[in-house]
Structure formats: C-alpha cells, structure tokens
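J.: What follows is the residue order along each chain.
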Amino acid sequence: MSDERKLTYAQAFNEAVSQMMEADPDVFCAGEDIGAFGGVFGTFAGLQAKFGEKRVVDTPISEQAIVGLGVGASVTGLRPIVDLMFMDFICVAFDQIVNQAAKLKYMFGGDATLPMTITTAGGGGLSAAAQHSQSLEALLCHIPGLKVVMPSNPYDMKGLMISCIKENNPTVMIKHKRLLGMSAPVPTEAYGIPLGKGNIIRPGKDVTIVAYARMANEAISAAKELAEEGIDCEIIDPRTLQPLDTDLIIDSAKKTNRVVVAQEAVRFGGLGAEIASQIQELAFDYLDAPVSRIGAPFSPVPFSPALESQYIPDAKSIAKGVRDVMARR
Amino acid sequence: MDFSSAKQFDLHRRMVRIRLFEEAAGRLAEANKLPGFLHLYVGEEAVASGVCGALNDDDHITSTHRGHGHLVAKGGDFNRMMAELMGKSTGYCKGKGGSMHISDTSLGMLGANGIVGAGSPIAVGAAFANKYRGRGQVAVAFFGDGSTNIGAFHEAANMACALHLPIVFACENNEYGEFTPRDKTMAITDVVDRAAGYGMPGVIVDGMDVIAVHEAAVEAVERARQGGGPSMIEAKTYRFYNHHGVQNLGLKYRSDEEVAVWKLRDPIFTFEDRMIENGVATRANFDDIWAELRADIDNAIQFAEDSPYPTPDQITVNVYTSMTGAN
Chain F
1 MSDERKLTYA QAFNEAVSQM MEADPDVFCA GEDIGAFGGV FGTFAGLQAK FGEKRVVDTP
61 ISEQAIVGLG VGASVTGLRP IVDLMFMDFI CVAFDQIVNQ AAKLKYMFGG DATLPMTITT
121 AGGGGLSAAA QHSQSLEALL CHIPGLKVVM PSNPYDMKGL MISCIKENNP TVMIKHKRLL
181 GMSAPVPTEA YGIPLGKGNI IRPGKDVTIV AYARMANEAI SAAKELAEEG IDCEIIDPRT
241 LQPLDTDLII DSAKKTNRVV VAQEAVRFGG LGAEIASQIQ ELAFDYLDAP VSRIGAPFSP
301 VPFSPALESQ YIPDAKSIAK GVRDVMARR
Chain H
330 MDFSSAKQFD LHRRMVRIRL FEEAAGRLAE ANKLPGFLHL YVGEEAVASG VCGALNDDDH
390 ITSTHRGHGH LVAKGGDFNR MMAELMGKST GYCKGKGGSM HISDTSLGML GANGIVGAGS
450 PIAVGAAFAN KYRGRGQVAV AFFGDGSTNI GAFHEAANMA CALHLPIVFA CENNEYGEFT
510 PRDKTMAITD VVDRAAGYGM PGVIVDGMDV IAVHEAAVEA VERARQGGGP SMIEAKTYRF
570 YNHHGVQNLG LKYRSDEEVA VWKLRDPIFT FEDRMIENGV ATRANFDDIW AELRADIDNA
630 IQFAEDSPYP TPDQITVNVY TSMTGAN
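Top to bottom, those sequences are chains F and H. Using this note's numbering, the first residue of the first sequence is number 1, and each one after it goes up by one. Using this note's numbering, the first residue of the second sequence is number 330, and each one after it goes up by one.
Don't read these hints as lab results, they were simulated from the structure. It should be emphasised that the depicted structure is a prediction, and the values quoted were computed from it without experimental measurement. Mixed in with the good hints, there may be bad ones.
Stated by the list, open to error - Within a straight-line C-alpha distance of at most 25 Å, the following computed DMTMM-like cross-link-like pairs (lysine to aspartate or glutamate) qualify:
id : chain 1 : residue 1 : chain 2 : residue 2
1  : F       : 54        : H       : 387
2  : F       : 254       : F       : 232
3  : F       : 166       : F       : 232
4  : F       : 54        : H       : 551
5  : F       : 255       : F       : 281
6  : H       : 362       : H       : 617
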C-alpha cells in the first residue's frame, strides 16, 4: 500500500519540490549549494541531476540577491523557490523579504502577483550557536503580505510545501533542522494541505496544547506522560502561522477551558503571545486558568549542549506548563 | 550611430513628457496639493529617455525613489500617474503607493522603490525570468551613484554576471547621494570602475546628451538580448531641483554656480538646438510638441483633482492575491 511508504521530513520536502517541478515548468529553485551538492541539509538532493542547471540554480552567497531573484522572477511570471540555508540568514535578506516581496502587491495597488516560496531551516538543537539556531517566525508573521508555514512531520511537510509552491503569494516555508530525519508514511501522489488550516493532532478534553514544528512533537510526548496522570490533552498544530487558524484554536479553548501554547522561540513577543491574546479576546469567559506560554528564555541560543539542552523547551517543560494550568481552580 | 528623425523626435518627446510632468508635480507640491515625498527627475531626462527608447514594450525596468521619469519614459499614462501622486483611487496604485512606488507592470515597469539599491536585485530576477523563458526580453536596473555603496547593489551585479543574465545596469550619477556629494561617500570618481570587478563591460556617457545615452543603451541592450550578458552604463547627470521637493531644505549643500553650470547643459534645450542645427526640426515643431503635451498635463491634473480618494474599506485590500483569482 502506497500509504505505508515512509519518507523522512527532508525527503518529503524534496518530493514536493520534485513533483511540482514536473507539473509546472515555471517552477525553479535557486540558492546556495543546492545544485550538485543538494543543499547543506540534503533537502535539494538529486534535483539538479533531474531538472538541470537551468531549473536548479547554484547562487552566490548573496541572500539579498537570492530573495530579489525570487521577487523579480515571480513578479514577471515564474514560480520561484528560493532557499536561504539557515533561518538566521533572513536577517541578511530582510529588506527584500519585508520591504519588497511582502509589499510590492499592495504598493502597486494590486498590480503584481508574487508566487514565490522562500525556504529555510530554523530551530536549535545542533549546537550551532546563536547565528544558526534561531526561531524567528514571529518577525515574519508580523509582516502583512507574507504567509508563514512550519510543518511538524513528513506528511504535513509534503502537503504544505506543495501548497506553498502553488500559492500566489510570497510564502516562507520553515523546515525544522531537528525534524529532517523524522520518518513517517507519506503518500506518493501530490497532495496539498491548505495554508491557514490547523490540525488536531490529538483530541482531548482537559487542556489544549497549541504547538508547532518541533514543539508539536514534544507536545505529543508530553501528552503521553500526562495521560498516565489522568490529564487528557488536546494538541493543536496550526501548521501555518500566517494566516493562523484562530477558529480551530478558539473552538478548542472553549471546549477544554485551559490552554498552553508552546514555541521554541524566545517567549517574549512570540507567536504564543499572539495566540494567548486572541484566546483572551475571543474566549475569555470560557477560561478556567490564564493561558500559559512555554518558550525559550530571553537570551540568544547558547552553544554548549549543557546550556542549549536546558534552553530549548521540551516535553518536560510543556508537561510542567500543563500541570500548572491544571492546578488552577 | 545615426538615428532617424523619427527616433530623435521620439527621444525628445519622452524627455519633454518627463519635464512637464515633473514641473507640474513640483508646482502642485509647492501648493501643498501633493501628500508625501517628491523626488523630481528634472535634469536627468536624457537618461531614462535614451535608455527606454532602446527597449521594447515587454522589456522590464526597475527604478529608484526618483522614479517618475522612468515610468514616463516607458510609456506611463499621465492621468494615472498624477492621480497616484495625489493619492486618488484612479492612480496607478489606487492611492496605496504614491510617488515612491509608482509602477505599471503591464509596461514592464516594476516599481519606483523607496529603498536605495533595492531595485537592482529585482531587475536581476526579471532578467533571470527573461533568460529562462528565452523570449529575448531584457531587464534594465536604473540606480543612482549612491546606491552603488549598498550591499544589495553589489550582490545583484555579481549575481547577474555569475549567471550571465540579459541585464543592463544603468547608473544615473548625479553626483549627490541625497545631500552629500559623491566624493565624500566613495573613493572613486567613476562608478563604472566597479563594473570590471563583477566581470562586465562598462561605459561612461554624457547623461545630458540623449543621443549619447541612447547609443550606449542600444549597444548594451543588444548585447544582453543576444546573450552577451550584463553591462553597465554610467550616465553623468545632475538633478536641477532638490533631493526631494523643489527648493533646498535646510542648509545649502551645493553652490548656485554649480547648479547654473549644469542648467546650461539642459538635456532638452541643447537637444532641440542640435535638431534645429541639423535641420531635423524647426522651433515651430517644438512649440507644437510642448503645447500638445502641456494640454495633456493640464488634463491629467484635472483628471486627478476630479478623481475620488480611495475609501477606507480599501485599506486591507490588495495585501494578498486571492487563490480564487480575485484581488
């Protein structure tokens, strides 16, 4: 059965790109080391051999020009996938992302369409230190004109990446580096997961955990542990952070009356703050406890495994957050 | 190169259209009828006109904060331009972009740009798409001397050469980056010296001479179209008005004498004299052209003034392209 075939998260990304390149000759990829080398995380492996140098382009180490290439090529009719190796490098390209890609359509009164996907790899856990480990999604979600996607598993990766490529707006696909090797059944055919639609990973009645990317998997581990204590967790993975599936989150909050939001990013000013705020605006009367936010401390990501392992939230810190929320009467 | 009298009249007309549009915009700004910033192109008309006169309708250009001239030279419509400057719903950008983001993608004009240097990487993307499709289209990145000091420009120039793209880098060297003279901000006199560092040919032209600019542009555009890769044109030019607005704001940063010397080399009047001298045109021809285009400008101002402002329900429209095809 094809549904039983397993792919890693990295392979799921690669298959989505490959299938969309087969389907649409206007799709091309450009980025650092993505050609013969296949990308530093292997996510573009074999694509240049399959589609040629014209459609899988090795670029200079020039993040502004890489994103600018996507802006100019998309606004003139192609469907680019431009890769910024590490998410931290969005900062190098921020003008082209924020002031150009996100705004051209609006500034032109609608007279522009930018069907481009920016792919990048975020998250810590590799002792890559403060410039190669960040989770900067909140910066992107704050910008009108961008869509932001962070898959938590191989199935979602393929479906969301296909939707990103088909999307007619600038979209940022953030791969999590620690999930690249995660393996799970992925259908062979091309399928899309709609952007802006979240997923109830685990239904439950006592408390809602909203978690995305790697934290969704940590939440699953936490829920298993908590189930043994008699706490039934519902886990919601928004999958897309911009636009955010607020309805799904609010419905769950109204049902369980208690919410914990878990993100790997620095807690202050993160997506969790936005989600918590929306919940108190839209479901205040249903809450039995303040919405709790799990996130990283207010410091850059540290290098030493002894520090980084304590810095990044995990199943343990999520479980503690849930217990604290459950303790409120 | 010898250019036909029709081509000379075409280049002249582009320049006069720019001049009239810009002077009208300047007058409106001084009368407080235009919101926001205004960066006038007066004095530099020969550059946009000479270059765009070498392009086809489906070629692409990117522009700068001083972008009206590029759109006019690419065939921009006065009515929609003037309405945009006034923030009206009938403007090119429906009142959402204004002077600094004026654009018409159907003319291949991919936007004036409020960020110095940001247009060049976008032109590289357009050039990439043009090469990818193989229809012989080219892209031109217009940029000022000041923008060659920002990283985005260097990345764009290097990538264009590395990928051997059909692009022309057209530098308008007006000797000032905003209010600071070029010699305070770079240790070279000629921006074109940078071209060799990226591996592309470059040429300096008199940016007040539309024929000189056009000649260089025809060669550079043809090279790009034939697969010969990027090249750079540095046009030495001058803005007659201020960095933004018409009058000098604050302290004087250039001498009256300097401005007067450059004004003697007015790209339109010197070209008219030459056309008359060469027997291509008469003064009466020019009087008719100016009168005709003045009427167009008057109509555009009227059109813009009569146009409605956008309604507040439009604030959140055009942020995203709808997947169902609507805006």
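J.: Any hints from earlier that this structure breaks? Give me their numbers in increasing order, please.
T.: Hints 3, 6 not satisfied by this model.
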